[in-house]
Each structure stands twice: as structure tokens, then as C-alpha cells.
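Line by line, the protein sequences give chains F and Z. Residue 424 is where the first sequence ends in our numbering, and the numbering goes up by one at each step. Residue 802 is where the second sequence ends in our numbering, and the numbering goes up by one at each step.
What the hints contain is simulated information worked out from the structure, not anything from laboratory work. Ideal Cβ placement from N, Cα and C applies to all residues, glycine included. Please note that the accuracy of each hint is not assured.
[Claimed, not checked] Across the chosen pairs, the derived CB separations fall in these ranges: (1) THR14(F) / PRO531(Z): 55 to 63 angstroms; (2) LEU223(F) / GLY538(Z): 50 to 58 angstroms; (3) PRO531(Z) / MET299(F): 21 to 29 angstroms.
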Amino acid sequence: MVDSIVGPVRDAWTALQGHLFFLPPFPSRLDTLALLSLLLVTGLLVAEWLRAHWGWPRVLGYVVAGSVFGPPVFGWINADILVQIRPVADAAHGLLLLEAGRRLDLRWLVKNRDLLRGNVSDIVLSFLAIYFFSYLVVGLPPAWAAATAAVTMASAPAVVLLIIEESRAQGQVTERVILYSSLSAAAAFVVFVVVLGIVHAQQSNNWANTLIHPLWAGGGAYLIGWLISRLALLIAGRLPKRSLAQVFVLVAMALLAVGIARMLAVPVFLTLFLMGVILSLRDEAKVLSYTSLPEGHWMLAIILFVVVGASLPWRDFTWLTGLHALGLLLVRALAKLISLALSGGSLPLGKRLLVGVGIQPLSATAVFMAFEIARLYPEIGASALALAFFAAAIMELAGPVLCRFALNRAGETATEKVAPGGVI
Amino acid sequence: MSDALEFTQSEPLTLGVELELQLLTTRDFDLTRGASDLLRAMDYDGRNGDIKLEITESMIEINTLARASVDDIADDLDSLRGVLVEQCARNNITVCGGGTHPFHSWPERRISPGERYEQTYARYGYLAKQFTVFGQHIHIGCATADDAVWLTQALGPYVPFFIALSASSPYVDGVDTYFQSARLNAVSAFPLSGQCPVLADWNDFLAHYEFLRDCGIVASIKDLYWDIRPKPEYGTVEIRVCDTPLSIVPAAALAALAQCLARKLLRERPVFHPGRALQVARYNKFQACRYGFDAQISCPEKRRQEGLRESLASLLDVLGEEAKALGCQRWLDVLRRSLFSGMSDADWLRSRLTVHQNLHDVVRDSMDRFRELRHPAT
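Next comes chain Z alone, as it looks inside the complex (with noise of 0.2 angstroms):
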């Protein structure tokens, strides 16, 4: 049965970008159903990439073509956030980003049509419904499927950057989370979220999946929700944990600190501990959702905790020459520019709140960021 799980080969570090949003009403800026509806009266030719249906129907994602750069990635974003604003105007409905709705009602939501969401809904039943919650999700291409194994557990350690970065899921329910991302709480009820265990190479991937496919555990490389997973069909490896931002300048930029981190990787190929990685992964999770910027972050190798904020800015320095061999300092640019500034959009959301008094408005103040011009400032 091996040979249903075929890797693609890519064109290393393209990229490819997948961004799940919001339906809200223009009432009263609550979510609404609408997505199938929305995609069949959608008059849209797909030059850009896909527009498609998620687990809920008041979820949409727009995914970008395979692409080279991260200026084409945001030209592509761009235009389907165009597409959807258009279309979504003729439907009197409305799209914004962010991680979560802070104040839907989790069990108004409806399963949108199709047997993999009906599938989905009958097995992990209410969970199915949480899981109205928006992520943004990054491939980075790889030649080979041994390359993606790797690039897979070599990511791991970054992940609490994405998260920090991206965050935008303070509320909840109504209420103050006090996490920066609570999106990823959402996740982790799913019994195969997490980390990518241990793995020596493609070979011994297939065995794990094969091992937990004969157990019945999973039935397709769908059911893996890691946090970074390899994604045979696309020949990638697909970053996982970032919020859906509230606007595309960010969701580039996040997908130029991958492509400058893959590339950087892929090319030294550093010694690294995926065991000991492994053991503070979920301890570094924690911190990078729960405070962002502020987190401390256990670092295996030397023992002991660091600041994310001061590890990210070093990050980011040492990135400077991947971004200039791959065109995209301007990105990175726009995440120095978030860290130094300690404002992240969970932050910007609180700061909506102080202003506001209730989370009605400032789902329509991200609703109007959504639809910010997307070149970042220079």
C-alpha cells in the first residue's frame, strides 16, 4: 500500500500559500453561513489559485498557485482577497482574517457539504464545529522526498517564531484568552495534532504512516494535523501553525521567513537533536501562544530558556542574506518591523477592544484592515 503515498517532486523553496477566512455577516459582523453558496455563483477563473470550501461553511480558504517568489505569492493573495471582497458583496456578506471570531457561537456553525466534512463531523463530532478556527498554512517545495522528511523536523524548532509572529486569536467565546494564539488550542484536541515524531528519512516515514494507517488511525495524510507534516501529493513540506493574519502583507511576509529558513537549512544542513527537539516542542508551543513575543523559549542544545524576542530579532538578522539571494528582505522587513514595534495583531485586536468596548466593532475594524492595500510600506 506504499505506493498510494507517492511524492511529488517540486521545484525547491517555491512556494505556496493556503489562508483560511472568515463569513461574517455585515450586520452584526458574527459569522454566517455562506460559503457554498458564495463559490457556486463565483465567476472566477482560477489564474490566481484555488478558492475553496473548509470544514464550516462560514470558512473560506484561497490557496495561491506554486510559486517562485513571495511578490508573486502576494500578488496571487491579492487578487483572490479581491475576488472574494467582490463576491462577497453581492452575497451582503463580508470577509476579514484572523486566527479566530472572538465571539461566534461555536455551535451555530453548519458542516459544509461533502463527504470528507460529513466523514469528518461523524467522527470527531463537536470538535468538527470548534474547529471553526483560521489558519494560515505555508508549502515550501522540496526536490526530494528524503528533503522533505528533514526539512520537516528542521523546521520544528521555529515553530513557536511562526506562532508568535502570526498571532491573532486572543479571543475567544467573548473573552480574553490571555493567549496570543488560542487558534492552536483548538487544534490540539485532534488526537493527531502535534509534532512529527522522530523520523530518519522518507522510508521510515512511510513506515510510520503505514503503521498507523494498519491501526487503523489514519486513512490519508489528511488526518496527520502536525504542526509541520510533509505533503507528498504537492512535494512540500507544509508549515501548519500560524493564524491566518489580519491582512495579506503579513501572511507574504511569514511566507518569506519560510522560504529564507528553508533555504538556509536546506543548504547547511545543521546538526540538529530532533529527540530533544521533540521534548520541548510542546513546552515552546505553549510559550509562543500564550505570550508571543514575551515567551521564553527552552533551547535543548543549550540547556537552558531564552527570551523568543531576542532569539527572533537574531533569526531574522542571520535570514538577511537568504532574503537578499531570494528578493524578499522587504518582507522580512515587515516582521522586524512587527517584533521591534511589539505589536503584534493580537495585540492591535486588544488595542481595538480598549477602544471600542465590544467585540462587534472591532470585527469590523479587522474587516477594514482586511482589505489594506497589500504592498508592504517602504
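Chain F with its partners taken away, still in its complex shape (with noise of 0.2 angstroms):
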């Protein structure tokens, strides 16, 4: 169809050329600024349109937007343009993340060493539930069962802080939701590191590459993650605390660790987390602490789930694939709320079970997690990888209705209707 719109005008354009000599060659393609302006009103249109009718998240409405003009039904956003948007999806999912890092206080956990076993069992519940899972009812080899675990274990921490602000809730639960999600993703970070090194054992015969991929992913986030949150902090202490130019120097040292992270194959999504970690937990001064991502940082967060969204295999579902994706989130769903139920801790069981509906989100991180198994082996990768990406496609939609349902149920939600306008 659109070519069939097109054609004539690059005939024209074509005719053109020949007397006029500034005519550049007719575009092959969408200029990057152009592509994203599309994505971003397009999957701002989707999400408004969804959340007035319907009342849902805007978060899901990125996401169906990528899916219905992504590959699976229109494939108006194609493999190409996928390829081309990466960068800015990268940025995005980095940022989300280092903010999921900035607002993780590990010294939480001291104070509270409830929280401490909740979490630890959440981790080690998810993984072996969803381990077994895998390999024991739909036969995974134990390599791609255990990295089906890394990549479907942790809540979605960027899901979580967009449903959060969007639905201004403060409190308890709202806490221990980004508390949960946020180790549980740090975990799965390390555990997707351990998970790489089995599968380079399996594939191949190389033990170098088998130990040293996982130290330079694991150990380039953290190196990487280190320095930058350490430039940042010694560049804002020369600044106003928070003023814009110290806003300045947080977004441009995050696109530094992602333009690093990128240059020497490093996850992306690693370092920023470290990297917000260690601003967290290193800036005894809070020289950045009170310092907040502009708010235009959300809009980018528009083109990372309309990528998701469209990254999203729907073409390649099957019943039985469909079917098992299901029982992997029930396996985890059960782990989760099992992890919370028998935690203790200073929440009542009714509070701390809607901590463990909060957690469900499983999204671009697990996607993106799942890509990056599936890019180092295009032969095997994406088809073992199957039921990864069909319980992140299930979950992309079901997380964030069952993150605010969990937050308003506590009653943390704000009530009020806020005057429309803005993004969040």
C-alpha cells in the first residue's frame, strides 16, 4: 500500500531531477528525527486514546501501538527501522534504569532484614520455579532453561516507576514494589552474565571466551558504571544542587556510559543500572540525590516501548508456545507472592501479597535480555528463546494492569483527577 503511494511521487520526484539541479536523490528512507516524531505521536495518540476510553495504562498503550504498527499486523515499523531506532530505545531503557538504580537504597535492607529474606527468596524462588519449568514440562536444555530464568526472572523496573508516576502513588507497597523490582532485576543482570558464559560452554569449545564474555559484561557494567557515576558526582558537586545545569550533567553522563557501553559491547542496561546504583549508595552528600531526570526523559520512553511493542514476535505464536508462556508466569507469579507471603516483615500479608502482584511487570529488560542471547546465536538462540519472549509479549500487556491495580488496591494511588495535559 505504501508503496503504491509512493511510487508515483519518486517517479516525479525522479522526472525532477533533471532540470532541478538542488533535488537531492529521492529518500530511501525516513530521516531518524522524522521516524521518531512519528513513534512518539503515534504511540502518544495510542496510549491517550487507550487510557480515556478504557482506562489503561499509558504504558500498555505504547506497547500495543508497536505491536499494531510493527511487523506482526501493519509492519509500518519494520526490521530496519528497528535497527535504526535502537540507539534512542537504548537511551531510553538506560535512563529509566539508572533512575530504577538512583531510587534502590540498599541500606534499606539493614534496617529491615525482613526485606532482606523477601528478597533473597523472591530471587532464588523465581529462578528455580521458572528453571524447573522450563526444563522439566517444556524440555529446555539446561543451558536455555536456566537462560529462559535469567531473562524471565525479575519484575520490570521500568515498567514500574512509568505506572508509579503515573499513577503519583506514595507509600508502602509502592516502595517494596521498586525495592523488589529493582534487586530482582540487579539479580538477573548477573545471573544473564553467568547464564552467557554456560551457553558460550555449550556452543562452543572456546573456555577463554566461555570465562571472559561474562567478567567483560558483568565487569565492564560495573567498571564503566563506576567511573561515570563518579565524573557525574564530581562534576555536579561544582553546581548548584538541584539546578538545571546539574540535570545537564546526569543526562549527558548517562548517554556517556550508554555511548561506552555500546562502543565496547557492554550491556547498556547494566551499566546504567550500576551506574544509578552507585550514585545511590556513593553520594553521601547528596550532591545528586535531590536532582530529578527532566521530565522530557518520559518521551523518550514513548519510543522505548512502541520498540518493544513492535520488537515483539507475535508472528512466530503458537498455541503450545502460548500455553507454556502461560505456566512459566504462573510458576513465577506463584513464586513471587509465595517469596512475599512467607517474608514477614513490618507489612500485614494482604499489603505484602499486593507487593508481589506489584512485581509481575516482566518487560524490556527481559526483552532486550533475550535479544541479546538471541544476536550472539542467530541459529538457536531465538527459537529456545520462544518462551522468553511470549511470556514478556503476555506480560508486557498484563504488567502494568496488574502493577496499578496492586498500587491502587494499597490505596496509594492518588485519588484526585489532575487537570489532562502532559505526558504523565
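Take the two lone chains, each set in its own frame, and fit them into one complex as the hints suggest.
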């Protein structure tokens, strides 16, 4: 359909080029900026419409927009466009994970040991439940079952943060949802790096790579995160707290970390998350603690989730894989709820279970991690990780709804309607 | 219906203190929603008083038991503070004093669960959220209802002293209000705030209360937001004009001032003209809120103005005998030091802003100050 419209225009343009010297060749593809603006507006309109008419969380609207306009339905966002737009999605994802890392307060675990127990059991139980389900029920080989567990065990800090911002949630369930999702994401990053080594070992006999690649990915991310966070604190310390200049420094340093991580083939999400955690832990003088990312970074989040939506492999859907994915999500949900139920702590059982519901999202991080493995092992990665992809795809839709339900049910979201306007 | 308001007799000059405190995030020291979760999880046996919800979820109130001495009040406050600090740590929030939060956004406040709070919100709308301000209330025990009504009015002229000594709310909405205590401006928006009218005795108070109730203006004694009011259910007079100080020591010291003053007034029963006092009360209150120790107070008996600082210094001297009898001299010394140094809590907050150049760090310092040791310097 696109060709039938563009074809005659292209012909006319080419004909004119003989007469008008200043005309460039007919553009073979959309300029990146134009593409970004189209994705932004499309995602925004779909999300606002779904929110206004059906009350859906906006992030869900972005994903739906990506899925509808991506390869599964209309195909307007094709594989080339996804490659072209990927750096922006990486940056958006990185900024959201930086924020998640900055909000992660590890000192809380020392003050409240019940939380430590709860988090450890969430991580261990989720991994084991998914691993055994993938291995015993689905029949994946052990290494790929481990890879599936690594990719899907964690919650999605980016989705959680967007839902919390959107619903202006405040309170203990909210804080714990952030803590649990950030920590499980951190654990998933570590497990993922280890699993990468195992997969290497299975796919080749190159043991040097098997050992060095996880170290490169994990150690590199930590080193870049550490260096850039120190640099950020050093520069920001010379500027007034909460000043616009500090905001620029924070964003610039985050983008620098994204750039270096991409240059060195180190996972961007892990690098930015660690940078956030180090900023939170090492900023004793509260140099950057009061400085927030600009509202505009949510604009990047729209692009991120449109891209995630367009990346979901809906075309490869089979009923069996779908059923397996539902089973995986069920055991994952049970593992998280049981961990929360048994963890005790300074919240009543009902609210702990709501935390368990609130951390169900599984999203961009999982999809990108799965892509990472699929990229490294194109022959088998995509098919072996179909289960993880579908679980992520289902939760891409259900996760935001569950998270918002939990925060609403806990009475922590703002009840008053605010005047329309703004993205969030 | 007058039987609904029975005055419970209490031991004269016993004290009780209520402090409304701020619940903050540890991330940026803004107010946060946390009170009901905190209370639900609290493992506390009530040995030193009570910990309660307030109108919004970012506030929490500690109440001491009724005590005969200021030392015991200080012990209660210290213990309640310890419980609160520990419980807050488990929820990764923190607590501090001060009459206002310097930069919170009032529309973000959440009304606490409970029928009373919901009714208040329904009745007063946004005022209820703006009422996220933090005060200290001091109860003084009275032997009879008539004593309580008399003392309520006799304490009226001393309101500016309590305001100036406790002032700790110079910042609202992120700006310096130029007031030492801006908290009371939020209170004065309520229709039943202000001063108690001229009342002859308890029966007169009952008649006034029933009149307001029959006119549909009040439903309970809690609807009277007077600066000082009788509290029949406790058998006390309640002084409600103080900002919550930044630490426990001045809170106990203000209770000492109230106790000494009440003792002197009840013992000497000076002749005074409540009607005249009422005419200058609003002006004097404004002066104390705006200028603190530098206020100029109108004196209706002498028909002239006097400096608050000098009048307060004289009063503290005059109360020396009462303090000796009640065993609370060292607590009055705390107030004397504050007066002579000229450094109220409001001034201290401003000095911290000069150092930090941002209000987040000012609140952080307030949080640290709230954890100070309780005993006054000897």
C-alpha cells in the first residue's frame, strides 16, 4: 500500500531531478528524527486514547501501538527501522534503569532484615521455579532453561517506575515494589551474565570466551558505571544542587555511559542500572540525590515501549508456546507471591501480597536480554528463547495492569483527578 | 444535650503534650504518605503515651501520658521519639519536627483513613490538605470546669510568648514567608479558629457551645480550633498555638512554661479584662508570628506597646519561684537561653539555608536535630 502511494511520487521526483539541480536523490528511508517524531506521536495518541476510553495504563498503550504498527500487523515499523531506532530505545531504557538504580536504597535491607529475606527468596524461588518449569515441563536443555529463567525471573523496574509516576503512588507497597523490582533486576543481570558463559560453553569449546565474556560484560558494566558515576558526582559537586545544570550533567553522563557501553559491547541496561546504584550509595553529600531527570525523559520512554511492542514476536506465536508461556508466568507469579507471603516484615500479609502482584511486570529488560542472546547465537537463540519472548509479550500487556491494580488496591495512588495535559 | 459535655476532673497542673511530626522520605526529605502503614506495623505497648494518625498521611502525632512533672513529660517524649525513629527506619522513612515542611506540595498530600478525616476533607476541601502543618499542644490539668474556663481566658495574653518561643515555620511552598511562624496562617483559614470569646464560667461556655451546635456550626468540641480551649474529656486546658519545635528539649521546656504560668495564674487569680485582651489578641498574635522575639505587643491595660523580648524576659524571671516549686527551673533556662541568644528554631532553619542554599538539606539537618539527646544543657 505504501509503495502504491510513494511510487508515483518517486517517479515524478526522479523526472524533476533532470531539471532541478538542487533536488537530492529521492529519500530511500525516513530520516531518523522524522521517524522518532512519528513513533512518539503515534504511541502518544494510541496510549491517550486507550487511557481515556478504557482506562488502560499509558505504557500499555505504547506497547499496543508498537505491536499494531510493527511487523505483526501493519509492518510500518520494520526490522530496518528497529535497528535505526535502537540507540534511542537503549538510551531511554538506560535512563529509566538509571532512575531505578538511583531509587534503590540498599541500606533499607540492613534496617529491615525481613526485606532482605523476602528479596533473596523472591530471586531464588523465581529463578528455580522458572528453571524447573522450562526444563521439566517445556523440555528445554538445561542451559537454555537457565537462560529463560535469567531473562524472565525479574520484574521490570522501567514499567514499575512509569506506573508509579502515572498514578502518583506513594507508600510502603510502592516503595517495596520499587525495591523488589530493582533488586530482582540486578540479580537477573548477574545471573544473565553467568548464563551467557554457560551458553558459550555449550555452543563452543572456546573456554577462554566462556570465562572472559561474562567478566567483560559484568565487570565492564560495573567499571563504566563506577567511573561515570564518580565523574558525575565530581562535576555536579561544583554546581548548585537541583540546578538545571546538574540535570544536564546527569543526562550527559548517562548518555556517555550508554555510548561507552555500546562501543565496548557491554550491556547498556546493566551499566546504567549500576551507575544509578553507585550514585545512590556513594552520594553521601547528597550532591545529585535531589536532582531528578527532566520530565522529557518520559518522552524517550514512549519510544522505548513502542519499540518493545514492535519487537515482540507475535508472528511466531503458536498455541503450545503460548500455553507454555502462561504456565511460566503462573509459576513465576506463585514464586513471587509465596516469597512475599513468607517474608514477614513490617507490612501485613495482604499488603505483602499486593507487593507480590505489583512486581509481576516483565518487560523491556527481559526482551532486550533475550535479544542479546539471540544476537549472539542467531541459529538457535531465537527459537530456544521463544518461551521467554512470549512470556515477556504477555506480561508486556498484563504487567502494567497488575502493577496499577496492586498500587490502587493498597490505597497508594492519587484518587483526585488532575487536569488533563502532560504525558504523565 | 449539655450532658454530652461533661468536664472530667483532673489533677491540677498535671501536664500532657501532643506533638505533630513530619514523615519524610530518606531520598529527598520531602513529605511522604506513611502514617497508617507505620501505625499498623508498630510494635509498641503504649508505656509512654500514644502514637496516632493525623489529618494527612504525612503526619503522625505522639501524645505523652498525663504527668505531674516536666521531667516525666520529657522522658515520655524521648521514649516516643525513639520508638518512632526505629519504626520509621524499618519502613525507610524518617521523622522530624518543625511547624511546616519547607517545600512539600500540599495537593500531593493524602487524607488519612477514618470517618473523621474524611468528613473534615468533605467539609473543608483543600484546607484539610493545607492543614498539613505541625503543632505542639500542651494540656494543663484543672480541678474544676470553672477553673478551666477561667484559665483558658487568663492564658490568652500570653499566646504571643508561646508562639515566639516555638516558632519553627519560616518556609512554606519553598519560599521564605518572612514569618517566624507561618503555620498559624494555615490554621486561621478555618472558620472556628482564633480566640475564645468572653466567658464567665463553665455554664457560660456550655451555653456558647450549645448555641454554636444548635446553629449547626459545631458538632463536637474538636470543631473549636481556638488558640486555647477547654478540653472537657481530659479535664484540661489545651494550648494549641505552638509550632512543633525541632527537638524534644524545647517541647518539654514549653510545657514547663505552661505549667509555671498556670500555677501562678491559678494561685494569684489576677484581675484582667478578657474583653480588652480580645481586642488586641489578633494583632499580638500576628506580631508574634511575623516577628517572633522582635514583635511589639500591645498591652491593653497600659494602652501602649511593649517589646515581646523584654516582656518575655520579665515573665521568665517572675516565674522563677513557680519553677522552683515545680522543680522545672532547668527547663525554663532552656527558654531563657533561646531568648537571650536570639536564635529561635525559625532563625536556625534560616541559618541552615544560608549554609546549604537548598531546602532539602535544611530538612535533612532538621531530621538530625530531632535525634538530639533530650536533656537540656546544664
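Here is how each hint holds up against the structure:
In this structure the hint that THR14(F) and PRO531(Z) lie 55 to 63 angstroms apart at CB holds, the actual value being about 59 angstroms. As the Cβ distance of LEU223(F) to GLY538(Z) is approximately 52 angstroms, the hint placing it in 50 to 58 angstroms holds. Separated by about 24 angstroms at the C-beta atoms, PRO531(Z) and MET299(F) satisfy the suggested range of 21 to 29 angstroms.
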